[in-house]
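All chains should be built: construct the whole structure from the sequences, respecting the hints.
So you can see what is in the structure, the chains are spelled out below.
2 protein chains.
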Amino acid sequence: MAQIYDRVALIGLGLIAGSMALAMRRSGLAGEITGYARSAETRKVAAEIGLVDRVCDSAAEAVKGADLVVLCVPVGAMGNVAAEIGPYLQTGATVSDVGSVKRAVIDAVGPHIPDGVHFIPAHPLAGTEKSGPTSGFAELFDGRWCLIVPVEGADVAAIQRLRDLWVGMGAQVDEMEADHHDLVLAVTSHAPHLIAYTMVGVADDLSRVTDTEVVNYSAAGFRDFTRIAASDPTMWRDVFLNNKDATLEILGRFTEELFALQRAIRTGDGDHLFDYFTRTRAIRRGIIEAGQDTDVADFGRVKK
Amino acid sequence: MAQIYDRVALIGLGLIAGSMALAMRRSGLAGEITGYARSAETRKVAAEIGLVDRVCDSAAEAVKGADLVVLCVPVGAMGNVAAEIGPYLQTGATVSDVGSVKRAVIDAVGPHIPDGVHFIPAHPLAGTEKSGPTSGFAELFDGRWCLIVPVEGADVAAIQRLRDLWVGMGAQVDEMEADHHDLVLAVTSHAPHLIAYTMVGVADDLSRVTDTEVVNYSAAGFRDFTRIAASDPTMWRDVFLNNKDATLEILGRFTEELFALQRAIRTGDGDHLFDYFTRTRAIRRGIIEAGQDTDVADFGRVKK
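Going down the list, the sequences are from chains V and H.
Adding 797 to a residue's 1-based position in the first sequence gives its number in the working numbering.
Adding 797 to a residue's 1-based position in the second sequence gives its number in the working numbering.
Worth double-checking, as some hints may not be accurate.
[Said to hold, decoys possible] Simulated restraints on C-beta separations:
id	chain 1	residue 1	chain 2	residue 2	range
1	H	G889	V	A1079	43 to 49 Å
2	V	T1009	H	S1004	40 to 46 Å
3	H	G907	V	A1057	42 to 48 Å
4	H	G1049	V	V948	33 to 39 Å
5	V	D971	H	V948	53 to 59 Å
Quick caveat, the hints were computed from the structure, so don't treat them as lab data.
The C-beta atom is built at its ideal place from N, Cα and C for all residues, glycine as well.
And the structure:
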């Protein structure tokens, strides 16, 4: 594939940035990839494993001469990083991000983007429960979706170039408005994460069931929740604080529905339960048909 | 491995029974395996694929001459099946089951077990989201736990023989009292399933987010929930109706905790969220160290 950007700067060197670096390299999409992380330890590891072409000692240094800068830090840190790099951005460059929340990022980052620099927020819907500079892999985005959330008046050519990059990294691309993005993600990601964290915390807290029992007998379903609840705490704290309204709205709907099912259990309304449980199977089928999950039993983790 | 039972009758021919048949055959644990399922279609498929040695046209016929009978039907059907086979059970035989709830099964099945027949309830903590006669595989129980829940005065030698069978099928075995079993499973399985079903139902119901959006963008976490919510609706209806008290107790604790986290989001209490999300990582580590889940990112379903 042809090179799309001459120099890409990745700010933050965790799972997403690392996977981007490896995916860009896989297809030769970037001339040079620079990187910066706030933690000296992360920079050291990234340099040792050659995650990017050049690890820099400051965000300002990393973005100098870059025609694409991607902010890959927790949502709550985006504003500060943007303020720091703003003065060093090259005219004509594009600034993007990979944050799980878009409205708050636009509000925090937008004001720091100088005239002549394109700001095109994005969000790849891919990840694992792992984090840190060694957690990335080139195939993370293959077949997954990346949502581009252009701000008003964004440059069409610059958007297309960023789309090409994501397609080159294996993703499918769609565009979406910021508030709608935040609502959709509250459903497909933010509420499920909070629910999983909650259930795992409850299990850990119960005095009448030991931790050993929870751990040994987790294969009956619970272990699926613990994978999600092992995700990066800083990232997720920031997601919830920055997508407050949509998350609380979905959680409100969730609680309402949960109460209805609890009442069905209490009153012995088996038909209500059966109908509900039958309907949810269809969504799973849709996800498999759309290529967004494996149809192999138990995600294929069962040794056969 | 040596043969443990001369003739094993499996009543119900779904995921668990099928996996038991294949696991017993793998190690030569049973002389003959008979099977019966209420659905003629299931019996036909089971016979075609040779799931058991002999598919019978009635439960009574299947249990004749068996020294082990295992009830592998939904929890709500156990009582009727026990009433049906009671008169045909051979003296000295053992009747067991694989139900996800134990107190209700003991109450429903116990009265139908004649004198001279051992009744030893059990519950293998293993499964997938698949169901039906073709869903079983010999490795399902490898490394998983099977809980034996002996009733008062149960024969020690008969218990040991059933333990040997489960160990022979690859499982680790522990014994537990019925009510405690039902509480532990409410935490590790029943509440998580209801929560997953609820979240998937909510996503399906939202008018402001399309089903296509839910399906395409599910890789951000939601798809883990849909696997659980694709489980057999009849089985799960019966679980909730028959483990009402423990499930409602755990759901009550869950809701309480969820409200506390929602309040933290609303008030912007990032420390509360961060601490909670950090604590839940430890449980995941425990599960991986106990060999109950894979440490590979995303359950290993990511193509690398």
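> Broken hints, numbered, in rising order?
Replying inline: Hint check: 3 and 4 fail, others pass.
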